[in-house]
Amino acid sequence: MIVLKNHIYKTIVIAVALTMVFSCKNNFDNVKKIGVSENAPIGVAENMNLKYTDSGRVTANLRSPKMLDFSNRDFPFSEFPNHVELDLFDDDNQKSTITADYAIIYDKTGLIDMQGNVVLASSKKDTLYAEQLYYDQNREWLFTNQPITFKSKGNILKGNIFDSNVKFTEVQLTESKEGVILIDE
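Under my numbering, the letters of the sequence shown match residues -10 to 174, in that order.
Don't take each hint at face value.
[To be verified] Beta-carbon label-pair distances, calculated as ranges:
{"id": "1", "residue 1": "Q161", "residue 2": "N28", "range": "20 to 28 angstroms"}
{"id": "2", "residue 1": "G105", "residue 2": "K147", "range": "16 to 24 angstroms"}
{"id": "3", "residue 1": "A29", "residue 2": "K84", "range": "31 to 39 angstroms"}
{"id": "4", "residue 1": "V33", "residue 2": "Q83", "range": "12 to 20 angstroms"}
{"id": "5", "residue 1": "R52", "residue 2": "K113", "range": "19 to 27 angstroms"}
{"id": "6", "residue 1": "Q83", "residue 2": "G32", "range": "27 to 35 angstroms"}
{"id": "7", "residue 1": "T163", "residue 2": "V33", "range": "35 to 43 angstroms"}
{"id": "8", "residue 1": "G32", "residue 2": "Y118", "range": "31 to 39 angstroms"}
Just so you know, these hints were derived from the structure itself, not from any lab.
No residue lacks a Cβ here, since even glycine has one placed at the ideal position from N, Cα and C.
Construct the entire structure; sequences and hints are all you get.
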């Protein structure tokens, strides 16, 4: 009888232990999120001046009074709510500058969405004015489907859809509203 009771106790203990082992989950990610609101940034930077380099050469310089870091999201991004300036340097170290009231950089895609009073001044004195402009960092490509004004070599062009590389050597402007071409005398 004692042997039977010991066997029953051992069986119960083993069953409870196995149940506990198999019911445990790895909840470390959930534990890390405790105390962090899903809508709050994980970090805030002020007066930032960020330089991107490639092979020891500065290719871009981003400046903003405030950056909100949402890298804790499933689709991480950085938000610049107060103003942003982005200098882009080509292979000849010529600088083009983009300014905007607001911007978001999506980490996974390399896409920068700039909004509000967007002005792009190229090294060749071309200027683009828009309310929204996207910059694809991987392809070095600019585009928008919002109204734009493009000034280049005395020409003033207006349209709704704009596509171009950062050097403005492959400019496509469609849904053109109007254009003024100035002729040098």
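**Report entry** Range hint compliance [Cβ, G32 to Y118, 31 to 39 angstroms]
**Finding:** holds (33 angstroms)
Query - Range hint 19 to 27 angstroms (beta carbons of R52 and K113) holds or violated - result: With a Cβ separation near 22 angstroms, R52 and K113 satisfy 19 to 27 angstroms, so the hint holds.
Report task. For A29 and K84, compare the CB-CB distance with the range 31 to 39 angstroms and indicate the outcome. Result -> Holds, since A29 and K84 (Cβ atoms, about 35 angstroms apart) stay within the stated range.
Requested in this report: Could you tell me whether the CB distance from V33 to Q83 stays inside 12 to 20 angstroms?
Outcome: violated (33 angstroms)
Requested in this report: Take the C-beta atom of Q161 and the C-beta atom of N28, compute their distance, and say whether it sits inside 20 to 28 angstroms.
Outcome: Distance hint for Q161, N28 is violated at roughly 38 angstroms.
**Report entry** Beta-carbon spacing of Q83 to G32 - inside the hinted bounds 27 to 35 angstroms or not
**Finding:** holds (33 angstroms)
Query raised in the report: Cβ-Cβ distance between G105 and K147: within 16 to 24 angstroms?
Result: Since the Cβ atoms of G105 and K147 sit about 19 angstroms apart, the hinted range of 16 to 24 angstroms holds.
Query raised in the report: Regarding T163 and V33, is the given constraint of 35 to 43 angstroms on their beta-carbon distance met?
Result: holds (40 angstroms)
Hint violations for this structure: numbers 1 and 4, all remaining hints satisfied.
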